[in-house]
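Student: Listed below are the residues making up each chain.
2 protein chains.
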Amino acid sequence: MTINSQKISSREQAEAILDKYDYFLFDCDGVLWLGDHLLPHVIETIDLLQSKGKTVLFVTNNSTKCREEYTKKFHKLGFGSVTKEQIVGSSYATAVYIEKIMKLPKDKKIWVLGERGIEIELQEAGYQTLGGTDPELNVDSFDPEHPYFNLDDDVGCVVAGLLFQVNYLKLSLTLQYLLKDNKSIPFVGTNIDSTFPMKGKLLMGAGSIIESVVFASGRQPDAVCGKPNSGMMNTIKAKNEGLKANPLKGLMIGDRLNTDMLFGRNGGLDTLLVLTGIELEQLVSKVEQQPTYYASKLGVIYELTQ
Amino acid sequence: MTINSQKISSREQAEAILDKYDYFLFDCDGVLWLGDHLLPHVIETIDLLQSKGKTVLFVTNNSTKCREEYTKKFHKLGFGSVTKEQIVGSSYATAVYIEKIMKLPKDKKIWVLGERGIEIELQEAGYQTLGGTDPELNVDSFDPEHPYFNLDDDVGCVVAGLLFQVNYLKLSLTLQYLLKDNKSIPFVGTNIDSTFPMKGKLLMGAGSIIESVVFASGRQPDAVCGKPNSGMMNTIKAKNEGLKANPLKGLMIGDRLNTDMLFGRNGGLDTLLVLTGIELEQLVSKVEQQPTYYASKLGVIYELTQ
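Heads up: the sequence lines are chains G and Y, in that order. Take 1 as the starting number for the first sequence in UniProt numbering and just add one per residue. Take 1 as the starting number for the second sequence in UniProt numbering and just add one per residue.
These are calculated hints, taken from the structure and not from any lab test. Take the hints with a grain of salt, since some may be wrong.
[To be verified] Far from chain G by the CB rule (all over 10 Å, computed), these chain Y residues:
| id | residue |
| --- | --- |
| 1 | K7 |
| 2 | L130 |
| 3 | Q165 |
| 4 | E211 |
| 5 | R265 |
[Stated by the list, open to error] Far from chain Y, by Cβ distances over 12 Å, these chain G residues were calculated:
| id | residue |
| --- | --- |
| 6 | E15 |
| 7 | K72 |
| 8 | D107 |
| 9 | I120 |
| 10 | G126 |
| 11 | D134 |
| 12 | D153 |
| 13 | K199 |
| 14 | G200 |
| 15 | S208 |
| 16 | I209 |
| 17 | E211 |
| 18 | N234 |
| 19 | N246 |
| 20 | T276 |
[Unchecked claim] Covered by chain Y, according to a simulated footprint, are these stretches of chain G (three or more residues, beta-carbon under 8 Å):
| id | segment |
| --- | --- |
| 21 | 175-185 |
| 22 | 268-274 |
Ideal Cβ placement from N, Cα and C applies to all residues, glycine included.
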């Protein structure tokens, strides 16, 4: 296959992009930073876009942090002007989905297999959460008589995502709620990334944790909120009328073909793949749906226009 | 669909079974016991078979115990005459597979995502294991700089199965070995049961733990050794020439249609489904491949012949 994707390597190309788009949606890890390591000239690129009045949004599948915490990460890394309103995380999108689309009554509780970020966003939306980071669940050895096996009949939804403190008790309790009431309690996943890049390694992603309870329960999630699923894009478009009216005014920038690029394309946006994350240049020619553009790194947009 | 399966409910039927078969293969949990609770008249049934000179084998997908420990469980529950040679566990079958079929050199190490039972059987076969129940891996919080991320180049096989002390570190380390050397290290699963019955609950089964690293790595196991896979049956037939020569002299007795009954049928044996475990009587008529027989419980064979 040949490359139809345009490689951004000249000042003209970089300037054409600045002219053409009003909405810039960014994946974070692998695009702006790798773990805690900032990639070159990314702050300058974001500043450049904001100085030109562009709408800049950060779209992340990381569900372990809420928007508030994620904003702090931006500030700590030197993105001084980024606000909570610019962050669209999969935990936030999950809360929006449950509240606005699923319309789960506020007196229902939500069982969480996941980190603090999910709990906070669900609680901000007005729901009581169970499970999650509850210290009662961080047990050293599994006890099949753990009191939490007395299931709570008020649980009206199960949310699953990435959690670092995963254990057999949390997985098995989640399974009980997925099987309860003839498998009728709605099941929502934050995102389906199979891996999670950290410190140069690929670790277990949310999708791989979710998959274990999917296999055990014989159920697929009723909805998945992160990229590349449409729930996240609908949340963004609902708050950005111009993008909703004309998706081609938007550019989705990411490092993953099967989530970021697919997400942008499915939403009707153009796409830019950066090679600082998970994908290699050789792959661009091999995929059926190539991104609109690709670049060695995000920072070239700043570098080429100086 | 109609029931073609014969329900065992008369003395004649029970005696016909005792006459017809020489090899009786038993699943354990859900057939002989539920957790630590013995089912009625199972010891008497096993004693009856042994007094008639039948070959009695216990075929279990439980990989958490080695044959030695499993024999102790039999003795503790009152099956006084059961010996280690009668036990065929998925961890033993896994060790036999790796040694005899895969022929992994003995100077290669094996990375284990699983319990002590797997480690012991692999060690008895002459291999050094890594991972598994190593206390260094039972960490309270995940550290991406854990020294075990310096992978051991002598690892020549990854074995995954059920483990109660599952955590993010063990899963992520297993993922590193599955991805290492361009995904070339052989990957063996003990068994693919999605759930694990305990104290009246369905907990996470080996298959559900394995599935998480399958999804993360994008790899399927190169072999799965437990029921219903053929590896386990080949191990049994290799040691029982009469069954190998004439599989219809064997009866596989179990409580699961999709593992036990399939396992027996694929091996050319007749099958008996007991309803003390996971399946309901209504289901017998609904499956395409019905068992040869079914019974409310194993103990009826003893009860009907007294």
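Student: Could you run down the list of hints and mark each one as holding or not?
Tutor: How the hints compare with the structure:
1. Separation of K7(Y) from chain G is adequate, the least Cβ-Cβ distance of about 27 Å exceeding the 10 Å criterion.
2. Consistency note on L130(Y): stated as away from chain G, and its beta-carbon is indeed over 10 Å from all of that chain's, at 18 Å minimum.
3. The beta carbon of Q165(Y) is not kept farther than 10 Å from every beta carbon of chain G, the shortest such distance being approximately 7 Å.
4. With a cut of 10 Å on Cβ distances, E211(Y) falls inside the contact zone with chain G, its closest approach being about 4 Å.
5. Against the 10 Å criterion, R265(Y) stays outside the reach of chain G, whose nearest CB is about 22 Å from its own CB.
6. Remark: the non-interface label on E15(G) is consistent with the geometry, its nearest Cβ contact in chain Y lying 39 Å away (cut-off 12 Å).
7. Non-interface call for K72(G) relative to chain Y: holds, since the shortest CB-CB distance, roughly 20 Å, exceeds 12 Å.
8. Against chain Y, the non-interface label of D107(G) holds: every CB pair exceeds 12 Å, the least being about 27 Å.
9. The Cβ of I120(G) lies farther than 12 Å from every Cβ of chain Y, with a closest approach of about 19 Å, so its non-interface assignment holds.
10. No beta-carbon of chain Y is positioned within 12 Å of the beta-carbon of G126(G); the least distance is around 30 Å.
11. The beta carbon of D134(G) sits about 15 Å from the closest Cβ of chain Y, which is more than 12 Å, so the claim that it is off the interface holds.
12. Even its closest Cβ contact with chain Y, about 17 Å, leaves D153(G) beyond 12 Å, as expected for a residue assigned away from the interface.
13. The Cβ of K199(G) sits about 5 Å from the closest Cβ of chain Y, inside the 12 Å cut-off, so the non-interface label is violated.
14. Not every C-beta of chain Y lies more than 12 Å from that of G200(G), the closest at about 9 Å, which undercuts listing it as non-interface.
15. Listed as a non-interface residue, S208(G) fails to keep its Cβ farther than 12 Å from every Cβ of chain Y; the least gap is roughly 4 Å.
16. A cut-off of 12 Å between C-beta atoms contradicts the statement that I209(G) is not in contact with chain Y; the least separation is 6 Å.
17. At roughly 4 Å from the closest C-beta of chain Y, the C-beta of E211(G) falls inside 12 Å, breaking its exclusion from the interface.
18. No beta-carbon of chain Y comes within 12 Å of the beta-carbon of N234(G); the shortest separation is about 26 Å.
19. At the 12 Å boundary, the C-beta of N246(G) stays outside the reach of chain Y, the nearest C-beta of that chain being 37 Å off.
20. Once the 12 Å rule is applied to beta carbons, T276(G) is consistent with being away from chain Y; the minimum gap is 19 Å.
21. Note: the segment 175-185 of chain G has 3 residues with beta-carbon separation from chain Y under 8 Å; the three-residue rule is met and the coverage holds.
22. Counting residues of the segment 268-274 of chain G whose CB lies closer than 8 Å to any CB of chain Y gives 0, so the stated coverage by that chain is violated, three being the minimum.
In this structure, the earlier hints numbered 3, 4, 13, 14, 15, 16, 17, 22 are contradicted, and the remaining ones agree with it.
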